[in-house]
Each structure stands twice: as C-alpha cells, then as structure tokens.
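Asks: With the sequences and hints as input, model every part of the structure.
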Amino acid sequence: MSSKDNISYAAKTFIIGGLAGCSAKTVVAPLDRVKILFQTRNPDFERYIGVRFGMFKAGKDIFRKYGIMGLFRGHSMQLARIYPYAAIKFMMFEQIRKILIPTPDKNTNFRHFLSGAGAGVLSVFFTYPFDMIRVRMAYETPKDNSGATRARKMARIIYNEGANSLKLLNFYRGFVMSVVGMIPYGGVSFLTHNFFVTLGKTKFADIAVLPKKETSGSGGLLAGKRNKHRKTELRAWAELTAGGLSGVFAQTCSYPFELVRRRLQVSGSNNPEKKIKMIQVAKSIYSTQGFGGFFVGLTIGYVKVLPMFAVSFYTYAKLKSFLDIE
Numbered sequence: 001m002s003s004k005d006n007i008s009y010a011a012k013t014f015i016i017g018g019l020a021g022c023s024a025k026t027v028v029a030p031l032d033r034v035k036i037l038f039q040t041r042n043p044d045f046e047r048y049i050g051v052r053f054g055m056f057k058a059g060k061d062i063f064r065k066y067g068i069m070g071l072f073r074g075h076s077m078q079l080a081r082i083y084p085y086a087a088i089k090f091m092m093f094e095q096i097r098k099i100l101i102p103t104p105d106k107n108t109n110f111r112h113f114l115s116g117a118g119a120g121v122l123s124v125f126f127t128y129p130f131d132m133i134r135v136r137m138a139y140e141t142p143k144d145n146s147g148a149t150r151a152r153k154m155a156r157i158i159y160n161e162g163a164n165s166l167k168l169l170n171f172y173r174g175f176v177m178s179v180v181g182m183i184p185y186g187g188v189s190f191l192t193h194n195f196f197v198t199l200g201k202t203k204f205a206d207i208a209v210l211p212k213k214e215t216s217g218s219g220g221l222l223a224g225k226r227n228k229h230r231k232t233e234l235r236a237w238a239e240l241t242a243g244g245l246s247g248v249f250a251q252t253c254s255y256p257f258e259l260v261r262r263r264l265q266v267s268g269s270n271n272p273e274k275k276i277k278m279i280q281v282a283k284s285i286y287s288t289q290g291f292g293g294f295f296v297g298l299t300i301g302y303v304k305v306l307p308m309f310a311v312s313f314y315t316y317a318k319l320k321s322f323l324d325i326e
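For reference, each letter of the sequence shown is one residue, going 1 to 326 in my numbering.
Simulated from the structure, these hints should not be mistaken for lab results.
Calculated pairs, DSS-like style, for lysine-lysine (alpha carbon to alpha carbon, straight line, at most 30 Å):
1) K98 / K201
2) K212 / K12
3) K106 / K201
Here are the in silico distance ranges between beta carbons for each label pair:
4) T232 / T299: 31 to 37 Å
5) D206 / E326: 21 to 27 Å
6) K231 / Y66: 42 to 48 Å
7) K65 / F291: 32 to 38 Å
8) A10 / R235: 27 to 33 Å
9) K153 / A10: 31 to 37 Å
10) R235 / N109: 21 to 27 Å
11) I15 / Y66: 32 to 38 Å
12) A11 / V176: 30 to 36 Å
13) W237 / A10: 27 to 33 Å
14) K231 / A151: 36 to 42 Å
15) I276 / N107: 41 to 47 Å
16) K153 / L199: 46 to 52 Å
Heads up, the beta-carbon is just placed ideally off N, CA and C, and yes, glycines get one too.
Replies: In structure tokens, the structure reads:
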C-alpha cells in the first residue's frame, strides 16, 4: 500500500469510526446518564441503587423532573468527545494491527489484544478533557433547567477548581486510572470481537454468513466484480451479537477501574480544594462497600454496553463494506 493509499485508508477509517461511535452512544445515552449517577452515588438518586429495576425507576424520575432532555444531559459534550475518541480508536486499531499483524501467520490473540489496547489508550489521551466535562455535566442535578451545567460553564468551573498552578491538569483528574482501565477494555473488546466474528465465519458459517449476492456495498457496473472479491460478511444478527458480547467481556474486565475514575472525576464537585488520589478512592470504596462496591452499577453497565458495542461494531463493519475498505 502506497503512502497516499495509506493516508486515504486512515482518513476513511477515521471518519466512519467516528460515525459508528456517535450512533452507538446516541442509542444508549439515557442509560449512560443513569449509570454515571449510580457510579458516583449522586445523593438525589442513591435510593435507586441496588433496587430491583432501579435503573428504570431512576430514568423515570429524571424524565418526570427534567423531561426527555434530562435523559440526554451532557450528551452534546458526549458526542463532541465520542466522535474523535471512536475515530481515533478505530483508525489507530487498523494502523497498529497492520504493524503488529503484517501477515496471516502473525495473527495471534495477543497481537489483537495489543492492537486494541494501544488504540484505546491513544484515543483516551486525546479526548479525556471532553469526558471529564461530560461526566461532571451528567453528575450535576440542578433544581432548574437554567443551563448551569452547560459545557462552557462546566469547563470554567473545572478549570478554576483547587490550588493547582497547572489548571489544565484539572481536566485530567483520574486519567492514570483511565489508562490502566483502557488497556483491558480496549484490548479485550477488539480481541473478543475478532474471536466471535471468526467463530461466526468458520464454525457457524451456514447460518451466520451472508451469501455473496447479499453483501453490502455500493452498486453500479462494478458491483458484481466487487462482490467476487469482497471479504466474507456476517449477517446482521451475527455481527450485532459479536459486538455486543465483546462489550460485555470488556466491561467486566475494566469496570472497577472505570468506577474509581468516575469517583475521581466528580471529586472536584464535592471537594473543590482537596486533591484526592485514586488509592484513597479505592480504599474508601472497599472500606464502606467491600469488594462488591467496585461493581456498583455493573448491571446497568451491561445493559448499556451490549447495544452500544453491537451498534458500534456493526455500523463500522457496514460502512467499511459500503466504502470497499478492506
């Protein structure tokens, strides 16, 4: 592949990766709002934690108090963050994978894991400040809808918190824990997705693989020729299942790290002048809630990541096929 082709390939995967991420996050935005409120133990919604159907009751409460937009509070910042995050993640995964897996004999699980982990860490580094603002916006539950939690105001609040001489570091509160958690999250998600896709194309090909004539892609005079050379594609249900299961495995492996990170991110809201370390947060969770405290909100996490990963990987795969990107 020439350098020009490589740049074109990177640009295309960047664009469709961002679109895949935004479509997935929009589908699960209300669940994401409730999950953050549970993770950070927001006082207004703490009574729903551990209650049967608590996530749905919390969502109903939000809708009753703030309307439909209350379920999407912080979503504009989420989209501003998720497009570059998903774009960088998918683009870098493809680039790192080409380096680590240049030939079929190098196609190992460990190399797939490293490709996903590396892509995840790089995407987090460039987009973490957006996530910091988004989490704080989702955490706040003002008594009115005056716009006190708008992104610009929240960014100013975070910037002015504490006595740090380097104010920009406020936007990276919990970043180390995020990187630590992203290694298993990114690595496991791409590894398990590849595993289930391969499984569908080999062991369950009769029911999971699309016939060549049904594969997606642009039409026209070259459509028949393209289909002859097109890679094997999974049926929609199989692709969605592979993506959803990859999300469940990734979430399970990384959830404790995510929980500590969320607590660190909102710590400035509760104690603006006090700098809290991740070890302190972890000890506090364990001393008050035990080991199970590191998995508070995991159920709603599963409910969220299953459709999110399913839609994300499915959209990415279909857009790659439509644009004839191999």
